[in-house]
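K.L.:
Below, each chain spelled out in residue letters.
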Amino acid sequence: MALLKLRESQIMKIHYLTGIVALFAVAIHILFRLIMPFGQSLLYQNVISNYHNIFYALLLESILILISIHGFNGLRIILVELKQSPRWESTITILVLISMIGIIAYGTRTIVIASGL
Amino acid sequence: MDVAASNSKDIATASSSTSGREGLRGWLNPTRYGWERVSYWLQRLTGLGLLIYFIGHVYETSSLTNGINAWNSMLQLTQTLGGHLFLLFVIGASTFHTVNGIRLIFTESGKGLGKPGRPDYPYHAASLNYKQKSGIWVAILLACIAMLYGGMVLFGEGR
Numbered sequence: 016m017a018l019l020k021l022r023e024s025q026i027m028k029i030h031y032l033t034g035i036v037a038l039f040a041v042a043i044h045i046l047f048r049l050i051m052p053f054g055q056s057l058l059y060q061n062v063i064s065n066y067h068n069i070f071y072a073l074l075l076e077s078i079l080i081l082i083s084i085h086g087f088n089g090l091r092i093i094l095v096e097l098k099q100s101p102r103w104e105s106t107i108t109i110l111v112l113i114s115m116i117g118i119i120a121y122g123t124r125t126i127v128i129a130s131g132l
Numbered sequence: 002m003d004v005a006a007s008n009s010k011d012i013a014t015a016s017s018s019t020s021g022r023e024g025l026r027g028w029l030n031p032t033r034y035g036w037e038r039v040s041y042w043l044q045r046l047t048g049l050g051l052l053i054y055f056i057g058h059v060y061e062t063s064s065l066t067n068g069i070n071a072w073n074s075m076l077q078l079t080q081t082l083g084g085h086l087f088l089l090f091v092i093g094a095s096t097f098h099t100v101n102g103i104r105l106i107f108t109e110s111g112k113g114l115g116k117p118g119r120p121d122y123p124y125h126a127a128s129l130n131y132k133q134k135s136g137i138w139v140a141i142l143l144a145c146i147a148m149l150y151g152g153m154v155l156f157g158e159g160r
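Here the protein sequences come in this chain order: A and B. Position one of the first sequence corresponds to residue 16 (this note's numbering), numbered consecutively onward. Position one of the second sequence corresponds to residue 2 (this note's numbering), numbered consecutively onward.
The set of hints was computed from the structure by calculation and includes no laboratory data. The beta carbon of each residue, even a glycine, is placed where N, CA and C say it ideally should be. Among these hints, one or two may not hold up.
[Stated by the list, open to error] Here are the in silico distance ranges between beta carbons for each label pair:
| no. | chain 1 | residue 1 | chain 2 | residue 2 | range |
| --- | --- | --- | --- | --- | --- |
| 1 | A | Ile128 | B | Ile146 | 33 to 39 Å |
| 2 | B | Gly24 | A | Thr123 | 33 to 39 Å |
| 3 | A | Leu94 | B | Tyr131 | 43 to 49 Å |
| 4 | A | Phe70 | B | Arg26 | 31 to 37 Å |
| 5 | A | Gly131 | B | Tyr131 | 27 to 33 Å |
| 6 | A | Ile63 | B | Gly115 | 21 to 27 Å |
| 7 | B | Ser128 | A | Ile63 | 25 to 31 Å |
| 8 | A | Ser24 | B | Leu78 | 38 to 44 Å |
| 9 | A | Ile43 | B | Gln80 | 21 to 27 Å |
| 10 | B | Ile146 | A | Leu57 | 52 to 58 Å |
| 11 | B | Ile146 | A | Ser77 | 24 to 30 Å |
| 12 | A | Leu94 | B | Leu78 | 27 to 33 Å |
| 13 | B | Gly68 | A | Ile109 | 18 to 24 Å |
| 14 | A | Pro52 | B | Tyr131 | 41 to 47 Å |
[Claimed, not checked] Computed list of lysine-lysine pairs in DSS-like fashion (alpha-carbon distance at most 25 Å, straight line):
| no. | chain 1 | residue 1 | chain 2 | residue 2 |
| --- | --- | --- | --- | --- |
| 15 | B | Lys134 | B | Lys112 |
| 16 | A | Lys20 | B | Lys112 |
| 17 | A | Lys20 | B | Lys116 |
| 18 | A | Lys28 | A | Lys98 |
| 19 | B | Lys112 | B | Lys132 |
| 20 | A | Lys20 | A | Lys98 |
| 21 | B | Lys116 | B | Lys134 |
| 22 | B | Lys132 | B | Lys116 |
| 23 | A | Lys28 | B | Lys132 |
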């Protein structure tokens with residue numbers, strides 16, 4: 016529950032930081048699709064070989080975590096802007112945290128299985 | 002008589018909206034405000050769109066775990082004209098969201114806001130200056146360029 020007690024200014028710093036770091040991580044992720052013709056880069060064998068590269072798998076995991084935090088916090092900000100009350104805000108925060116953890120867990124499962132770890 | 006009727010109408014209108022809340026309709030109304038409001042609106046809409054795309058992308062790539070057939074059938078769904086047009090929207094939305102987000106980080110740290118001064122007629126806010134406006138235009142321009150490049154890659158068999 017410590018996450019619920021973070022000040023809004025601290026949460027915004029996390030929001031900005033995750034956004035900036037994700038920008039570089041996603042840029043590398045996109046470059047992996049552009050180092051060969053786009054259609055060829057999506058072939059099953061090519062994608063699986065990307066996942067078997069441990070550095071690329073770590074990059075994907077970091078993108079998953081960064082974008083989840085940034086995206087779901089953005090959703091929380093929008094919903095809190097629309098309506099304000101302590102009950103609404105804590106309900107939204109809890110739902111957003113659950114969704115965030117769910118997406119990270121589901122994406123991590125894909126990365127672990129596809130990379131053969 | 003007409004003035005009195007007009008005044009009573011104004012009072013009635015004011016008392017019917019004492020809460021001052023417009024909810025989602027007020028949030029989506031860009032007409033009374035400048036480009037800053039359009040930028041605020043686009044930042045949130047592109048953010049929501051990108052979050053939906055991200056969740057879909059995580060689900061889409063999970064088909065890798067079910068083998069080559071599952072992956073190929075998922076590709077058949079996404080590697081279509083509609084899928085490519087949707088990807089073009091994602092490219093434009095992510096570029097705008099990124100560039101405008103960087104502008105907002107600078108704004109929140111006080112960069113490019115101008116000096117505070119006495120509010121004189123015609124009450125132009127120092128914070129809503131050309132630097133802020135040009136940041137919004139640069140974000141829109143870069144989004145268009147990114148979409149153009151993305152279109153060349155997706156539709157042109159290029160790299």
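K.L.:
Give a verdict on every hint.
P.N.:
Comparing the hints with the structure gives:
Taking the beta carbon of each, isoleucine 128(A) and isoleucine 146(B) are about 37 Å apart, inside 33 to 39 Å as hinted. A hinted range of 33 to 39 Å holds for the C-beta pair glycine 24(B) and threonine 123(A), which are about 38 Å apart. With their beta carbons about 33 Å apart, leucine 94(A) and tyrosine 131(B) fall outside the hinted range of 43 to 49 Å. One distance hint, 31 to 37 Å for the beta-carbon pair phenylalanine 70(A) and arginine 26(B), is violated here, with the actual separation near 48 Å.
Range check, glycine 131(A) to tyrosine 131(B): about 54 Å between beta-carbon atoms, so the 27 to 33 Å window is missed. Between isoleucine 63(A) and glycine 115(B) the Cβ separation comes to about 53 Å, which falls outside the hinted range of 21 to 27 Å. For the hinted restraint 25 to 31 Å between serine 128(B) and isoleucine 63(A), the CB-CB distance of approximately 51 Å leaves it violated. Judged by the Cβ atoms, the range 38 to 44 Å given for serine 24(A) and leucine 78(B) holds: they are separated by roughly 43 Å.
Range check, isoleucine 43(A) to glutamine 80(B): about 23 Å between beta-carbon atoms, so the 21 to 27 Å window is met. Evaluation of the 52 to 58 Å hint for isoleucine 146(B) and leucine 57(A) yields a failure: the beta carbon distance comes to about 24 Å. Judged by the Cβ atoms, the range 24 to 30 Å given for isoleucine 146(B) and serine 77(A) holds: they are separated by roughly 27 Å. For leucine 94(A) paired with leucine 78(B), a C-beta distance near 30 Å keeps the hint of 27 to 33 Å intact.
With their beta carbons about 37 Å apart, glycine 68(B) and isoleucine 109(A) fall outside the hinted range of 18 to 24 Å. Roughly 42 Å separates the CB atoms of proline 52(A) and tyrosine 131(B), a value that falls within the hinted 41 to 47 Å. The suggested pairing of lysine 134(B) with lysine 112(B) holds, with an alpha-carbon distance near 13 Å, which does not exceed 25 Å. As the CA atoms of lysine 20(A) and lysine 112(B) are separated by approximately 29 Å, the hinted pair breaks the 25 Å bound.
The suggested pairing of lysine 20(A) with lysine 116(B) is violated, with an alpha-carbon distance near 34 Å, which exceeds 25 Å. For a cut-off of 25 Å, the pair hint linking lysine 28(A) to lysine 98(A) stands: about 22 Å separates their Cα positions. Between the alpha carbons of lysine 112(B) and lysine 132(B) the distance comes to roughly 10 Å, so the proposed pair stays at or under 25 Å and holds. For the hint pairing lysine 20(A) with lysine 98(A), the CA-to-CA distance comes to about 19 Å; that is within 25 Å, so the pair holds.
With a CA separation close to 16 Å, the supplied pair lysine 116(B) and lysine 134(B) stays within the 25 Å bound. The hinted pair formed by lysine 132(B) and lysine 116(B) meets the criterion: a straight-line CA distance of about 13 Å does not exceed 25 Å. Taking the CA atoms of lysine 28(A) and lysine 132(B), the gap is about 23 Å. The hint holds against a cut of 25 Å.
Checked against the numbered hints given earlier, the structure breaks hints 3, 4, 5, 6, 7, 10, 13, 16, 17 and satisfies all the rest.
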